[in-house]
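Student: Residue numbers (this note's numbering), protein chains in the order written: chain A, 1 to 371; chain B, 1001 to 1169; chain C, 2001 to 2330.
Hint data in this document are derived by calculation from the structure and do not stem from the laboratory.
Don't take each hint at face value.
Subject to a maximum C-alpha distance of 25 Å in a straight line, what follows is the list of computed DSS-like cross-link-like pairs (lysine-lysine) [to be verified]: (1) A:K40 with C:K2310; (2) A:K206 with A:K237; (3) A:K30 with C:K2134; (4) A:K54 with A:K295; (5) A:K40 with A:K206; (6) A:K237 with B:K1006; (7) B:K1086 with A:K54; (8) A:K206 with C:K2310; (9) B:K1086 with B:K1165; (10) C:K2032 with C:K2060.
Listed below are the residues making up each chain.
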Amino acid sequence: MNLPRQRYEETFVLNLGPQHPATHGVLRIKVTMDGEYVIKAEPVLGYIHRMHEKIAEQGNFAQFMPYTARMDYLHALAFNHGYCLVVERAAGIEVPERAEYIRVITVELNRIASHLLWWAAFLLDLGGFTPLLYAFDDREQILDLLERTTGSRLTYCYFRFGGVCNDIDDEFISGTRTFIDRLRKRLPVMYHSLVTGNIILIKRIKDIGIISTEQCRRYGASGPVARGSGIDFDVRKHEPYSIYPELDFDIPVYNEGDSMARYMVRMDEIEQSLRIIEQALDKLPDGPIMAKVPKNLRPEAGTCYAAVETARGSLGHRLLCNGDRNPYRLKLRSPTFSNLSLFAEVAEGMMIADVLAFLGSLDLVIPEIDR
Amino acid sequence: MEATNKLHTTLLTLFGSLNEGAEDATAQNDNDATEARVATIPLDYSRSGANLEQHCRPEQLRTAAELLNTQHFLLESITGVDWPEKNQFEVLYDFIHYAVPQYRVLLRCTVSRDEAIVPSLCSIFSAADWHEREVYDLFGILFDGHPNLIRILLPEDADFYPLRKDYMP
Amino acid sequence: MANPIVHALVYLIGLMTFAGLNAAYLVWCERKGAARIQRRTGPCEVGWAGLLQPLADGLKLMTKQLLVPDGVDAALFRLAPVLAMLPGMVALAVIPFSAHLQALDMELSALFIFAFASLAMLCVLLGGWASGNKFAIISSARAVSQNLAYEIPMLLTLITIALISGSLNLREIALDQQGGLFHWNLFRLEGWHILTMWIAFIIFFICSIAETNRAPFDLAEAESELVAGYMTEYSSMGYGLFMMAEYINIVVGACLTTILFLGGWGCPFDVAPGWWWFGLKMYALIFTIIWVRWTYPRTQIYRLLNLSWKVMIPFSLINLLITAGLVKFL
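Using the sequences and the hints, build the whole thing.
Tutor: Below is the structure:
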């Protein structure tokens, strides 16, 4: 929409946040506005910065495990997985097959829970209050399943170097299968025909916040943000880890680059995660769930990188060891940090209501950005 | 696999010529023992998560980054490291490629702790903007040419750099 | 009533009670309706089925601290909520609930109600501007442009009804529709008005939702974008009064729709007409309004305004012309 620009003196600065119902955490965005139009949007970070990277250097490798869940609390198991992967790679630890399958099942269940919450919160931002209750109903099933096995509902500390700490039992397996059937029945009816097909929602998010492929590459975007702009990039297929090479699943990619595309990518990902869980449950082998790992892990000196795919994109851990019991330097590459960095460029010229729809479609979890 | 190998050989060639150009420049500067060497090291992906490690001096950083940009890499992360025993800071850049699977390039650049200025990659990769601000915020390394080098995670008026090894809260 | 003063007093007290009870218990209806749509129970603790919940909420609101922030315009800030109650209460005075239940019978009662509806718009503007809060100002500006845009189709539809009934007196419009289902304006068979009245009804209903700032047209108080919009700085009874005013406006809107389109107090089968049929139709409309709120997300401001200026006004104008033709020639 092109409107004649008014003189600079008629613009005003609006502070969205840090406490704001729609910013999903403590994010502050300084928006310079001209009426309803955004001239400049500048995210201000650091309101929940807890210096995790320094904390990692103070204790030994195992002592950092609980902290990994506190960053992206919605997909905490993927953060667990990423940290375990990098330490196992550095120390040369082999994970038994049953543990790998359990890891994948729980991570994918957590991914579905994360996407359901994103869907609920996104629609809440847009003014639809009811889908929240529908999504949380399904999410409650997942949380109950995971609580039985891991002991936590949100901030999991379930993975250990060399496996997982608790085995899954038959009740978990049957509960998961029931859940998969239930969600498969509800997805087309309650999620898609009631909400995705709603004309007001479509008009609200179609052609809003278009991100081009080149912008994605320049800013290092990953996850549904990149896949919604036509880039076929998912760490599970790009740099396969764990048992993902043995499972058959697709990566949804949409080319339009608008909020609707990112919405559809995440909805399709829920279905793909259900497929992965089903296959993993079918192929689940017997065996130990933990490898023999020395109590005081001292990986050899050097640097190591490992990436996993979280619900928000590619999470990277860069670990530098010097033979000590503590990591020398642990850098967490958070996907949302890179995804949010393109916000300033894309939000220029949008209307304030569209800005919030765009922000919601980026799926932000601020503690992950600030670490 | 084929695409990976092809990219690998291309990069080895390109970095090789970059290294030669750098060594010609070094030949004039024999006293600089503290400067890091310029080298390209292929790595084992399964052990270190990267395929290629390129050490370069600050002056060659932008050229190396431009090389990677023309090959359509993307900048994933910038890590700062403090080596107090050697009196050096090191900056590590991680690059991946959307289309070529399982190929990661690591760029390493070392500067002295007393004069920590590294050229900024903002004009080549926009991702560098926030990552460099974070490294500046936590280490105090200055990035020459950054459009807006202010603190990003700590409060604007903080006067300490927490990730330095000699930082005492 | 023989004595006009007694008549006035009885109706005054009666209408205030009606308005107060509606404001309180429509909140209960809304919460229960929302809960059932969202597959949960809603208020069920306080009293049987949560029926004492509105009392508990009212008590809570009254005992909260009445905050008046620094930098607000003192008189206007306090005046806005009180003024917001005015249009609804005044409109209730001229609505005929049955052939014998009407506080005041005016010749131009429909016009009277619309005149006061514009005052409601002014109160939103006052509340937002007096708060001295950027979010509130943006929200008031949006609310004013929205209300303005949606008043026009409502008035055009009113003119259409006036053409059919020959009067702007609500009582006469309702009397004109007595005699069964097919005498109601919506299904009016005589003069073939049934062809055009359904468009008029839909337009009027949507406009009444938009005028009262209900979802999907609740941009003025768009919770997730502008916190609470023009009501952000209000606490305790200031906020309570705004909420009560909103529900009374919904009641007035539903009453108007019932009288103009659904035959007022008439029965579909023309047996025992009275205020019970009026109540039934009015509450059915209110239930639909509640239902719509919890089903749809919010539109954007420019789409909202486009809907009014580019869709509703042309359609209501065409409707008016066709109705005029039908009245003249049939």
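Student: Run every hint past the structure and note whether it holds.
Tutor: Hints and how they fare:
1. A:K40 with C:K2310: Distance of about 31 Å is beyond 25 Å: violated.
2. A:K206 with A:K237: Violated, at about 28 Å.
3. A:K30 with C:K2134: Holds - the C-alpha atoms of C:K2134 and A:K30 are around 13 Å apart, at most 25 Å.
4. A:K54 with A:K295: holds (22 Å)
5. A:K40 with A:K206: Cα-Cα ~22 Å, so holds.
6. A:K237 with B:K1006: Distance of about 20 Å is within 25 Å: holds.
7. B:K1086 with A:K54: holds (20 Å)
8. A:K206 with C:K2310: holds (21 Å)
9. B:K1086 with B:K1165: holds (12 Å)
10. C:K2032 with C:K2060: holds (19 Å)
Checked against the numbered hints given earlier, this structure breaks hints 1 and 2; the rest are met.
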